[in-house]
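> Let the hints inform the model, and build the full structure from the sequences given.
Those protein sequence lines, which keep their order, are chains X and Y.
Take the numbering used here: the final residue in the first sequence is number 492, and no numbers are missing along the way.
Take the numbering used here: the final residue in the second sequence is number 492, and no numbers are missing along the way.
Derived from the structure by calculation, the hints contain no laboratory data.
Treat the hints with care, as some may be off.
Each computed BS3-like pair below joins lysine-lysine, with the alpha-carbon atoms no more than 30 Å apart [claimed, not checked]:
#: 1; chain 1: X; residue 1: 215; chain 2: X; residue 2: 349
#: 2; chain 1: X; residue 1: 113; chain 2: Y; residue 2: 171
#: 3; chain 1: X; residue 1: 215; chain 2: Y; residue 2: 171
#: 4; chain 1: Y; residue 1: 349; chain 2: X; residue 2: 111
#: 5; chain 1: X; residue 1: 84; chain 2: Y; residue 2: 483
#: 6; chain 1: X; residue 1: 92; chain 2: Y; residue 2: 428
#: 7; chain 1: X; residue 1: 377; chain 2: Y; residue 2: 393
#: 8; chain 1: X; residue 1: 170; chain 2: X; residue 2: 182
#: 9; chain 1: Y; residue 1: 378; chain 2: X; residue 2: 465
#: 10; chain 1: X; residue 1: 428; chain 2: X; residue 2: 414
#: 11; chain 1: Y; residue 1: 111; chain 2: X; residue 2: 182
With beta-carbon atoms standing in for the labels, derived distance ranges [as the list claims (entries may be wrong)]:
#: 12; chain 1: Y; residue 1: 194; chain 2: X; residue 2: 40; range: 48 to 58 Å
#: 13; chain 1: X; residue 1: 165; chain 2: Y; residue 2: 42; range: 47 to 57 Å
#: 14; chain 1: Y; residue 1: 82; chain 2: X; residue 2: 222; range: 29 to 39 Å
#: 15; chain 1: Y; residue 1: 219; chain 2: X; residue 2: 348; range: 29 to 39 Å
#: 16; chain 1: X; residue 1: 411; chain 2: Y; residue 2: 396; range: 36 to 46 Å
#: 17; chain 1: Y; residue 1: 219; chain 2: X; residue 2: 19; range: 30 to 40 Å
Just some of the chain Y residues that point at chain X, by a computed CB distance under 10 Å [to be verified]:
#: 18; residue: 145
#: 19; residue: 186
#: 20; residue: 258
#: 21; residue: 259
#: 22; residue: 321
#: 23; residue: 432
Positions of the beta carbon are idealized from the N, C-alpha and C atoms, including for glycine.
There are 2 protein chains.
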Amino acid sequence: MTNVPITVAHGDGIGPEIMAATLHILKEAGARLDIETIEIGEKVYLSGNTAGIAPESWDSLRRTKVFLKAPITTPQGGGFKSLNVTVRKTLGLYANIRPCVSYHPFIKTKHPVMDVVIVRENEEDTYAGIEHRQTRMVEQCLKLISRPGCEKIVRYAFEYAVRNNRKKVTAFMKDNIMKQTDGLFHAVFDEIAAEYPGIEADHWIVDIGAAKMADTPENFDVIVMQNLYGDILSDVAAQIAGSVGLAGSANIGEHISMFEAIHGSAPRRAGQNMANPSGLFLGAVLMLVHINQPDVAELAHNAWLKTIEDGVHTYDIFKDGVSREKVGTSEFAQAVVDRLGQKPEKLKAVEYKAVEEVAEGDKKPIYSVRSSEKKELVGVDVFIEWWNDKFYGAADDLGPQVEKVNGNGVKLVMISNRGTKVYPKGLPDTFCVDHWRCRFMAEQDGGTVEPQQIIDLLQRFKDAGLDVIKTENLYYFDGKPGFALGQGQ
Amino acid sequence: MTNVPITVAHGDGIGPEIMAATLHILKEAGARLDIETIEIGEKVYLSGNTAGIAPESWDSLRRTKVFLKAPITTPQGGGFKSLNVTVRKTLGLYANIRPCVSYHPFIKTKHPVMDVVIVRENEEDTYAGIEHRQTRMVEQCLKLISRPGCEKIVRYAFEYAVRNNRKKVTAFMKDNIMKQTDGLFHAVFDEIAAEYPGIEADHWIVDIGAAKMADTPENFDVIVMQNLYGDILSDVAAQIAGSVGLAGSANIGEHISMFEAIHGSAPRRAGQNMANPSGLFLGAVLMLVHINQPDVAELAHNAWLKTIEDGVHTYDIFKDGVSREKVGTSEFAQAVVDRLGQKPEKLKAVEYKAVEEVAEGDKKPIYSVRSSEKKELVGVDVFIEWWNDKFYGAADDLGPQVEKVNGNGVKLVMISNRGTKVYPKGLPDTFCVDHWRCRFMAEQDGGTVEPQQIIDLLQRFKDAGLDVIKTENLYYFDGKPGFALGQGQ
Numbered sequence: 004m005t006n007v008p009i010t011v012a013h014g015d016g017i018g019p020e021i022m023a024a025t026l027h028i029l030k031e032a033g034a035r036l037d038i039e040t041i042e043i044g045e046k047v048y049l050s051g052n053t054a055g056i057a058p059e060s061w062d063s064l065r066r067t068k069v070f071l072k073a074p075i076t077t078p079q080g081g082g083f084k085s086l087n088v089t090v091r092k093t094l095g096l097y098a099n100i101r102p103c104v105s106y107h108p109f110i111k112t113k114h115p116v117m118d119v120v121i122v123r124e125n126e127e128d129t130y131a132g133i134e135h136r137q138t139r140m141v142e143q144c145l146k147l148i149s150r151p152g153c154e155k156i157v158r159y160a161f162e163y164a165v166r167n168n169r170k171k172v173t174a175f176m177k178d179n180i181m182k183q184t185d186g187l188f189h190a191v192f193d194e195i196a197a198e199y200p201g202i203e204a205d206h207w208i209v210d211i212g213a214a215k216m217a218d219t220p221e222n223f224d225v226i227v228m229q230n231l232y233g234d235i236l237s238d239v240a241a242q243i244a245g246s247v248g249l250a251g252s253a254n255i256g257e258h259i260s261m262f263e264a265i266h267g268s269a270p271r272r273a274g275q276n277m278a279n280p281s282g283l284f285l286g287a288v289l290m291l292v293h294i295n296q297p298d299v300a301e302l303a304h305n306a307w308l309k310t311i312e313d314g315v316h317t318y319d320i321f322k323d324g325v326s327r328e329k330v331g332t333s334e335f336a337q338a339v340v341d342r343l344g345q346k347p348e349k350l351k352a353v354e355y356k357a358v359e360e361v362a363e364g365d366k367k368p369i370y371s372v373r374s375s376e377k378k379e380l381v382g383v384d385v386f387i388e389w390w391n392d393k394f395y396g397a398a399d400d401l402g403p404q405v406e407k408v409n410g411n412g413v414k415l416v417m418i419s420n421r422g423t424k425v426y427p428k429g430l431p432d433t434f435c436v437d438h439w440r441c442r443f444m445a446e447q448d449g450g451t452v453e454p455q456q457i458i459d460l461l462q463r464f465k466d467a468g469l470d471v472i473k474t475e476n477l478y479y480f481d482g483k484p485g486f487a488l489g490q491g492q
Numbered sequence: 004m005t006n007v008p009i010t011v012a013h014g015d016g017i018g019p020e021i022m023a024a025t026l027h028i029l030k031e032a033g034a035r036l037d038i039e040t041i042e043i044g045e046k047v048y049l050s051g052n053t054a055g056i057a058p059e060s061w062d063s064l065r066r067t068k069v070f071l072k073a074p075i076t077t078p079q080g081g082g083f084k085s086l087n088v089t090v091r092k093t094l095g096l097y098a099n100i101r102p103c104v105s106y107h108p109f110i111k112t113k114h115p116v117m118d119v120v121i122v123r124e125n126e127e128d129t130y131a132g133i134e135h136r137q138t139r140m141v142e143q144c145l146k147l148i149s150r151p152g153c154e155k156i157v158r159y160a161f162e163y164a165v166r167n168n169r170k171k172v173t174a175f176m177k178d179n180i181m182k183q184t185d186g187l188f189h190a191v192f193d194e195i196a197a198e199y200p201g202i203e204a205d206h207w208i209v210d211i212g213a214a215k216m217a218d219t220p221e222n223f224d225v226i227v228m229q230n231l232y233g234d235i236l237s238d239v240a241a242q243i244a245g246s247v248g249l250a251g252s253a254n255i256g257e258h259i260s261m262f263e264a265i266h267g268s269a270p271r272r273a274g275q276n277m278a279n280p281s282g283l284f285l286g287a288v289l290m291l292v293h294i295n296q297p298d299v300a301e302l303a304h305n306a307w308l309k310t311i312e313d314g315v316h317t318y319d320i321f322k323d324g325v326s327r328e329k330v331g332t333s334e335f336a337q338a339v340v341d342r343l344g345q346k347p348e349k350l351k352a353v354e355y356k357a358v359e360e361v362a363e364g365d366k367k368p369i370y371s372v373r374s375s376e377k378k379e380l381v382g383v384d385v386f387i388e389w390w391n392d393k394f395y396g397a398a399d400d401l402g403p404q405v406e407k408v409n410g411n412g413v414k415l416v417m418i419s420n421r422g423t424k425v426y427p428k429g430l431p432d433t434f435c436v437d438h439w440r441c442r443f444m445a446e447q448d449g450g451t452v453e454p455q456q457i458i459d460l461l462q463r464f465k466d467a468g469l470d471v472i473k474t475e476n477l478y479y480f481d482g483k484p485g486f487a488l489g490q491g492q
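Written out as structure tokens, the structure is:
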């Protein structure tokens with residue numbers, strides 16, 4: 004078996020020590036690696052590079068496609084960009100993987116039986132940072148969810164389950180409210196789940212699912228989520244497991260992936276052989292499975308579990324009455340090495356499966372090609388800023404003004420304020436702000452609209468002195484409406 | 004002191020029994036109420052009213068402005084609308100209040116010390132239901148956050164804290180990512196917190212805050228959140244408190260408010276004098292405080308706590324070794340009545356403050372009037388659907404095509420795909436879908452743009468055969484940009 008090239012960065016603070024400890028265990032466990040080392044972090048930042056990573060380092064990452072990264076220190080003061088955000092966005096790391104495991108009774112937790120892996124989408128959702136202040140009162144953020152984005156993350160969750168010997172993948176979403184965006188995620192989940200009959204699939208509305216996860220995490224295995232839900236609930240899961248300091252994570256891209264500890268560089272502990280290398284080590288275990296060395300991952304991970312259960316603990320997890328021996332960073336690593344070949348007795352031993360290697364050119368696409376659905380333009384939502392000093396009942400003043408721009412084959416069918424229909428026939432109790440959506444559709448019921456009609460409509464809005472702030476076209480796709488009705492429409 | 008008129012609906016299933024029990028306690032505790040009764044729910048639905056509430060019932064609600072509502076049964080089958088959604092949207096119930104309390108050791112929980120109140124915004128956020136499918140690949144949902152919406156909910160949280168003798172209000176938000184929408188919520192929180200020097204105010208990024216709340220809820224008091232975060236985390240809080248079946252909630256509007264149990268109508272338990280009336284009763288306690296009868300609320304609530312701690316329990320919370328006496332619905336209510344005037348010994352007794360009544364006309368507005376900031380149009384984001392079968396690197400083909408529509412004083416400054424800049428000078432690793440944002444600004448740096456220039460630009464897009472799907476205008480407000488830069492811009 005040939006070695007796999009990887010890129011390693013030793014980082015700042017406790018980074019070099021915990022990386023040395025981690026690499027020592029990997030080497031003794033027989034990991035088949037060719038290591039390229041790059042410099043990232045504080046020194047690079049302070050040399051004048053605001054990204055914290057030198058241009059030539061990208062070449063190494065693009066060559067090896069695997070990045071084992073120690074924590075770094077971002078210098079105080081302006082102008083320095085988050086290295087993690089830069090790497091994630093630049094390399095398209097679409098999946099964030101975070102195993103959240105409790106090690107009861109060796110590490111304190113309220114949830115003695117917990118072994119949950121959060122698979123979080125990392126490129127889409129409200130995290131794309133597309134925000135607009137639209138009126139004096141209203142700010143907007145776009146939540147964008149794409150089919151390929153959903154396909155990538157859901158497929159990754161199931162592939163992860165297969166490789167890591169997991170039994171179940173659960174999806175959380177809020178598709179009872181967000182029927183289109185979260186509905187797309189749900190539909191893709193159901194499609195892809197059907198390709199994995201050996202893995203149980205289930206799903207929860209995110210509020211109830213989150214409540215169950217926080218109360219009885221022992222009922223969950225792998226949970227796949229969109230970006231925002233995953234951000235919140237991966238923190239919840241890590242915290243209640245009681246093992247934030249021991250947690251590793253993976254950031255997976257289509258071509259390149261990054262593995263690391265969750266914790267930071269802890270400069271005050273640096274150079275004292277005190278730090279716990281477990282977070283980075285468990286990140287490296289994720290890496291070993293990813294590069295298809297499950298034998299090494301299993302050997303090393305089980306030795307680590309035995310070490311924890313033998314009470315050989317670094318200062319951060321040392322507890323009188325539970326721990327047996329307080330050790331430093333390098334002694335902890337050696338304790339793991341000494342247990343290679345052993346399995347834990349009280350904690351559950353891990354098992355990883357080999358997956359048949361597929362040549363790069365033979366790999367199945369992880370997302371589908373674009374469908375060629377027929378798209379028909381049927382109308383437009385024109386949003387305006389308008390205000391007549393009334394929080395209630397103003398729509399009856401506005402409606403007739405907007406109706407004056409009817410014509411040329413399109414007509415106003417509804418005005419809504421933050422989603423609730425207020426004209427025609429609104430209710431006097433609906434609180435309204437200065438942000439109005441005016442929905443125009445073809446005069447003829449069910450008719451289509453030409454792009455030119457929309458441009459002409461916008462011209463009439465302008466000529467009428469109405470302050471258009473944005474538009475959203477309304478489409479049918481293969482005859483199905485691609486837009487929601489207003490509440491009450 | 005005069006009586007306060009309220010509207011009561013007895014509901015379906017166990018509703019009539021638990022309402023009778025609740026009203027019995029209120030009466031004996033000396034609640035000063037004039038009750039109007041309305042019919043809602045199953046019978047009304049099945050009489051052909053798809054909203055589940057008769058038109059004349061709205062008159063009662065608008066007259067009394069206070070609604071004590073038992074759970075109802077929504078019939079199976081299509082066409083019946085959720086009564087709660089209808090009432091909430093119709094009456095502008097902007098605040099959802101949910102106290103989440105543990106009653107250790109009398110009710111099982113992993114969190115023995117927990118007394119958290121979630122104050123959730125209920126009208127805005129991604130829950131406005133404004134969704135558009137924009138391309139063959141991409142669905143969009145709008146997250147709208149308004150200044151008056153933030154002001155209403157944050158002020159309510161602080162007013163609630165004052166009335167309910169609470170010490171601290173915490174805000175959760177994600178303004179490190181959503182700098183404008185969640186940033187507005189944060190700014191309003193800071194402004195309003197300053198008006199309440201007697202109440203401690205703090206805030207957390209929602210992921211970390213959620214993790215802390217799920218792990219150590221004893222460190223929180225009142226938590227105020229936008230709609231989505233509040234939806235998820237109020238379920239988490241209720242669940243981990245162990246008291247979902249005992250929880251009441253309030254839905255507060257500017258003019259009208261509704262009080263209820265969290266649980267449903269449990270038809271299978273109906274008519275057997277079994278059901279626990281505590282959820283509805285605790286909803287009624289929220290009502291008593293709301294209508295400024297804190298003396299009655301305190302008397303009744305403390306008697307209820309004493310009943311729970313005396314081990315007088317209905318079947319649902321009865322536990323051998325903890326409970327002392329298993330009772331039915333009406334006996335439970337009588338046990339509470341028998342304890343009026345007593346306080347709990349192990350559980351913490353409640354205290355409610357009287358608040359000086361302010362005549363309707365003298366009330367301070369709960370949101371500010373609109374600011375008259377200067378708004379300047381400086382550009383537009385034109386979104387297009389475009390696809391050339393390449394998930395990577397396509398922007399270099401698209402960019403020159405879009406640049407051809409430059410002219411008439413505006414020019415392309417950036418193209419981004421789901422928020423990441425891809426043109427000019429994009430990176431080959433950025434995964435792109437068929438949804439592109441083309442940002443146009445004045446040719447002259449820092450210049451303004453006329454609405455006519457945008458209309459003309461859209462005309463040139465159309466004439467160039469580019470498929471515009473939506474627009475977002477770019478504004479400065481009092482000289483400050485109202486839009487975010489693209490990642491990498």
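> None of the hints should be skipped; say for each whether it holds.
Consistency of the hints with the structure:
1. The straight-line distance between the Cα atoms of residue 215 of chain X and residue 349 of chain X is roughly 26 Å, inside the 30 Å bound, and the hint therefore holds.
2. For the proposed pair residue 113 of chain X and residue 171 of chain Y, the alpha carbon gap of about 26 Å is at most 30 Å, so the pair holds.
3. Restraint check: the Cα-Cα separation between residue 215 of chain X and residue 171 of chain Y comes to about 27 Å, which is no more than 30 Å; the hinted pair holds.
4. As the CA atoms of residue 349 of chain Y and residue 111 of chain X are separated by approximately 27 Å, the hinted pair is consistent with the 30 Å bound.
5. Distance restraint check for residue 84 of chain X and residue 483 of chain Y: the Cα-Cα separation of roughly 23 Å lies within the 30 Å cut-off, and the hinted pair is therefore satisfied.
6. Our distance criterion of 30 Å between C-alpha atoms is met by residue 92 of chain X and residue 428 of chain Y, whose separation comes to about 14 Å.
7. For the given pair, residue 377 of chain X sits about 20 Å from residue 393 of chain Y by alpha-carbon distance, which is consistent with the 30 Å threshold.
8. A hinted pair counts as satisfied when its Cα atoms are at most 30 Å apart, and residue 170 of chain X with residue 182 of chain X qualifies at roughly 28 Å.
9. For the suggested pair residue 378 of chain Y and residue 465 of chain X, the alpha carbons sit about 16 Å apart, so the restraint of at most 30 Å is met.
10. At most 30 Å may separate the alpha-carbon atoms for a hinted pair to count; residue 428 of chain X and residue 414 of chain X meet this at roughly 16 Å.
11. Of the pairs offered as hints, the one joining residue 111 of chain Y and residue 182 of chain X is violated, with about 36 Å between alpha carbons and a cut-off of 30 Å exceeded.
12. About 50 Å separates the C-beta atoms of residue 194 of chain Y and residue 40 of chain X, a value consistent with the hinted range of 48 to 58 Å.
13. Judged by the Cβ atoms, the range 47 to 57 Å given for residue 165 of chain X and residue 42 of chain Y holds: they are separated by roughly 55 Å.
14. Under the hint 29 to 39 Å, the C-beta atoms of residue 82 of chain Y and residue 222 of chain X, about 35 Å apart, fit the expected range.
15. Between residue 219 of chain Y and residue 348 of chain X the CB atoms are about 31 Å apart, so this pair conforms to the stated range of 29 to 39 Å.
16. A hinted range of 36 to 46 Å holds for the C-beta pair residue 411 of chain X and residue 396 of chain Y, which are about 40 Å apart.
17. About 33 Å separates the C-beta atoms of residue 219 of chain Y and residue 19 of chain X, a value consistent with the hinted range of 30 to 40 Å.
18. With a cut of 10 Å, the hint placing residue 145 of chain Y at the interface with chain X holds, because the nearest CB-to-CB distance is about 6 Å.
19. For residue 186 of chain Y, the shortest C-beta to C-beta distance to chain X is roughly 8 Å, which falls under 10 Å, so the interface hint holds.
20. For residue 258 of chain Y, the interface hint holds, since its Cβ comes within 10 Å of a Cβ in chain X; the closest pair sits about 7 Å apart.
21. Given hint, residue 259 of chain Y at the interface with chain X, holds; its Cβ is 7 Å from that chain's nearest Cβ, closer than 10 Å.
22. Interface hint status for residue 321 of chain Y: violated, as the beta-carbon distance to the closest one in chain X is roughly 21 Å, over 10 Å.
23. The interface hint given for residue 432 of chain Y is met, as the beta carbon of that residue sits about 5 Å from the closest beta carbon of chain X, less than 10 Å.
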